[in-house]
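Quick note, the sequences are listed as chains A and B, same order. According to the numbering used here, the residues represented by the first sequence are 1 to 398, in order. According to the numbering used here, the residues represented by the second sequence are 1 to 471, in order.
Treat the hints with care, as some may be off.
To be verified - Below, a list of computed lysine to aspartate or glutamate pairs in the DMTMM-like style, where the Cα atoms sit at most 20 Å apart:
no.	chain 1	residue 1	chain 2	residue 2
1	B	Lys339	B	Asp265
2	A	Lys13	B	Glu390
3	A	Lys335	B	Asp118
4	A	Lys335	A	Glu350
5	B	Lys314	B	Asp265
6	B	Lys28	A	Glu358
7	B	Lys25	A	Asp319
8	B	Lys32	A	Asp53
9	A	Lys335	B	Asp284
10	B	Lys18	B	Asp7
11	B	Lys364	B	Glu405
12	B	Lys119	A	Glu358
13	A	Lys13	B	Glu319
14	A	Lys160	A	Glu350
15	B	Lys158	B	Glu298
16	B	Lys339	A	Glu8
17	B	Lys18	A	Asp53
18	B	Lys18	A	Glu52
19	A	Lys251	A	Asp220
I should point out that these hints are in silico values taken from the structure, not numbers from a laboratory.
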Amino acid sequence: MKNRIEIESIVNKCIKCGFCESVCPTLPAADYNSIMGARGRILLAQFAINNEDQSLKISDSFYSCLDCFACVQVCPAGINAGQVSELMKEGIADEKIARVNPVAEMIKNVVVKYKNPLGIPEECSKWAENIEFSVSETLLLTGDMYQLMPYTRYINKLRKHTNQTLFMAFSWLIGKMPFLIKLSRHFYDKKLKLEMESSLRNIVSMLQRSEVKFNYLREDEPYPGTFLYDLGYMNEFKEYAGNLYRYLKSKNVKRIICVDPHTYDVLKNKYPDVIENFDLDIVYYTDLLNLNFKKSGEKITVQEPCHMVLHGNTYRAMDILNTVADVKLPANSGKSTMCCGGPDELLFPEISENVSIERYRNLKNSSNKIVTICPLCYNSLSYDDNVQDFSNFMKNLM
Amino acid sequence: MKTLSSDIIKKIVDVAGKNNVLFTKEEKIPYKNDASYIQGLLPELVIMPENADQIASVLKICSSNGVNVTVRSGGTALTGSSVLQYPGILINTMKMDKILDLNLSSRYVVCQPGVRLDKLNEYLKKYNFFYPPDPASSRASTVGGSISTNAGGLRAVKYGATKEWVLGAEFVTGNGNIITTGEYTLKRSAGYDITALLIGSEGTLGVLTKAILKIEPLPEESGRILSFFRDISEVGMAISDVKNAGITPLIAEFMDLQTVDSIRDRMNIDIPEYTQFLLMIDIDSTKKSLNDKMIQAEEIIKKYSSDIIVITDKGKMDEIYNARKGAYSSLLKQRENDKQIVIIGDLIVPASELPDTMKEIRRKIDEHKIKATLFGHIGDGNIHANIFAENTVDGMKIVDELQMEIARIAISHRGCVSAEHGIGTEKNILLYEEYRKKNSLYTLELMKNIKNVFDPENIMNRGKIFYEKQD
């Protein structure tokens, strides 16, 4: 296994204190089955690399990791259990050290074939109809995350009423025949689609009123391959990222504006690892807003995105919110923020839902009104109408 | 011990519920370890019960069929008490993670065993109350685990260990009887104190399923004094004088230089070059009188230390407190290689005996030419001697010898081989030695007889507390 030494160097430092699993959102969400928590993942990885036991079914343990990196913040030995999951997923995806999840395989094949996780780039750009963009070296790259949410929500609704084996079989079939994914264009949550498209339009509106000049490629917009990275397909990701980088350079792009934390994180931190001399400037849209927002005075709480606060990225959204509203942060905030469960929605919907319910309750203890700054967080936590995406909340204060 | 028959497995699954049992090897692998260096056996089944009835039914089956049972919750034990020494099943109480009742005027909270201690205090803080026992592992350790080891922690100098804070319990005995012990009251004079017997029993008597815990209002105000010393005797005299002046610190911690070095960055304070030992004491009081108490303590400590730092900023205090709580883990950075392990020792002597005990321990460590650091709770005489060991047969043999020699030093100073981590498998021989030296091996026999009443088939957590020669 090519990552063996790297994994070993991490897991051998582990003192098994269990601090990581005390903050790992998936452990209680999976009824405390230890391999679905951070310490269990470390111990399982250690066992797996030292014992070549092909009969072990270890995939779910690592695929279920939310990559939120809450574990990293509390580990006294400085270990990154989240990174172990990433490396193990890479071993599963690229070297088949254990069974590859059919849903992961389906997503990989669709992304590689269509450069879009749904195979419907034209649908993903509809939100921008009638919006004028500038000719610019700055490009808005949506990353398709806002657009994807209505589809995943609907698919999971269907899934609750479907046999799990049937769902897996269908995923396997799409993995083999990726064109079937195009059927997904008919399966989306209508209300959420309106909300998500409205969010994207509001983001553009706020940026344009902040006099930021930028272009958008509409149906030619490429997907950045975030899922390939998240699911451990590093060989495919490297090739994909290289192609995308060359494509963007051919379009004379110098700066990219991201609108969701996952896309921002992958472009800002992962692309430079796989592309030599990566020279695109990656910015988060909230950092470009230059508007005099009205004061809302409302009491709100905020779901801070893991991919910003726990992955070491900085952004201005919290500063902006603090100037317009009475922000009451939940018990788990800042470096102790808790994931919304969103990243598990496709592969482990039950765990995802359990995490989201726990986090929703946690946030509600601080304030009835919740503001999210990530489409996954919005999708996971919008159990009532008092949950608003940052873009929609701020739009009303323009 | 034979592998479980399919018939017994079926019976256990029927009473526990299929969704509460882990069967596969991959699911059971993490349960071979707790936070100690001791690796246990792979459990044949892991049972994740939701209530006392399920546990009682499982234990009845196990008791009737001679199936060994190990109990676990947070898995933060440092002596191997929550891993299997003998083949059998494991009961993990983490699903029982609810806070059931809170009564502020009667000063109690009722919890299930899987509630983590920091979660409990996060909950109580909303009401300006707290549950004082705070082992360094409080982030991950649980009500069940801390009761089973009679955990202490930094605040024990003022509030005592867990045993001072448990009013009553619901408990399933090894033979499957559900009993309730103690009461919801702060006082009770009604026969044998069975609750006290359960505290520190390390899963050898049965499974705790509910605990009635005493709680306290949060201290109104507190401040911290850090001072630096060349010699441990000066540390001992400083803390002794503070206590003699009628001030009982909230915490009183000492660290040797190597420990200080491991958390220097996290503490982020100026440490004088001559420092060989650091003393950290917290004093709590009302807002009105805190300043007076702090000045009084500071004046006393000044007689022994020329450099003193006083901190009252809560953020800074938290930063240093967390650094100290993470001292053991931070020592790992000083390992020469990833294979080396750090074995955290735990013994206690009367506080007045601590300086002499420390000097003898240091001499013994140096004789063995082993790297070891010392820190602990000087206010109550609790020393953690942390040994850097090679994880080999020869390496561990040296560690065992040193542990025994250190234990004998503690015993000779009227101390005990374990202060707050329990006995587990790591210290069962040391416990035997303690009672042998005290000429009181009959005490151990009494303990075994008590176990026999709770667990007549001797299935519960075998190999823990009592040394058993394996076949």
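Each hint, compared with the structure:
1. B:Lys339 <-> B:Asp265: violated, 24 Å
2. A:Lys13 <-> B:Glu390: With a Cα-Cα distance of about 14 Å, the restraint between A:Lys13 and B:Glu390 holds, given a limit of 20 Å.
3. A:Lys335 <-> B:Asp118: holds, 17 Å
4. A:Lys335 <-> A:Glu350: Answer violated: A:Lys335 to A:Glu350 is near 26 Å, above 20 Å.
5. B:Lys314 <-> B:Asp265: Satisfied, since the Cα-Cα distance of roughly 18 Å is no more than 20 Å.
6. B:Lys28 <-> A:Glu358: At roughly 26 Å apart (the allowed maximum being 20 Å), A:Glu358 and B:Lys28 break the hint.
7. B:Lys25 <-> A:Asp319: Since the Cα atoms of B:Lys25 and A:Asp319 sit roughly 49 Å apart, the hinted pair is violated (cutoff 20 Å).
8. B:Lys32 <-> A:Asp53: holds, 17 Å
9. A:Lys335 <-> B:Asp284: violated, 28 Å
10. B:Lys18 <-> B:Asp7: Satisfied, since the Cα-Cα distance of roughly 15 Å is no more than 20 Å.
11. B:Lys364 <-> B:Glu405: Between B:Lys364 and B:Glu405 the Cα gap is close to 8 Å, so the pair holds against 20 Å.
12. B:Lys119 <-> A:Glu358: holds, 14 Å
13. A:Lys13 <-> B:Glu319: violated, 23 Å
14. A:Lys160 <-> A:Glu350: Holds, at about 9 Å.
15. B:Lys158 <-> B:Glu298: Given pair B:Lys158, B:Glu298 holds - Cα atoms ~19 Å apart, limit 20 Å.
16. B:Lys339 <-> A:Glu8: holds, 11 Å
17. B:Lys18 <-> A:Asp53: Violated, because 26 Å separates the two Cα atoms, which is more than 20 Å.
18. B:Lys18 <-> A:Glu52: violated, 29 Å
19. A:Lys251 <-> A:Asp220: Holds, because 11 Å separates the two Cα atoms, which is no more than 20 Å.
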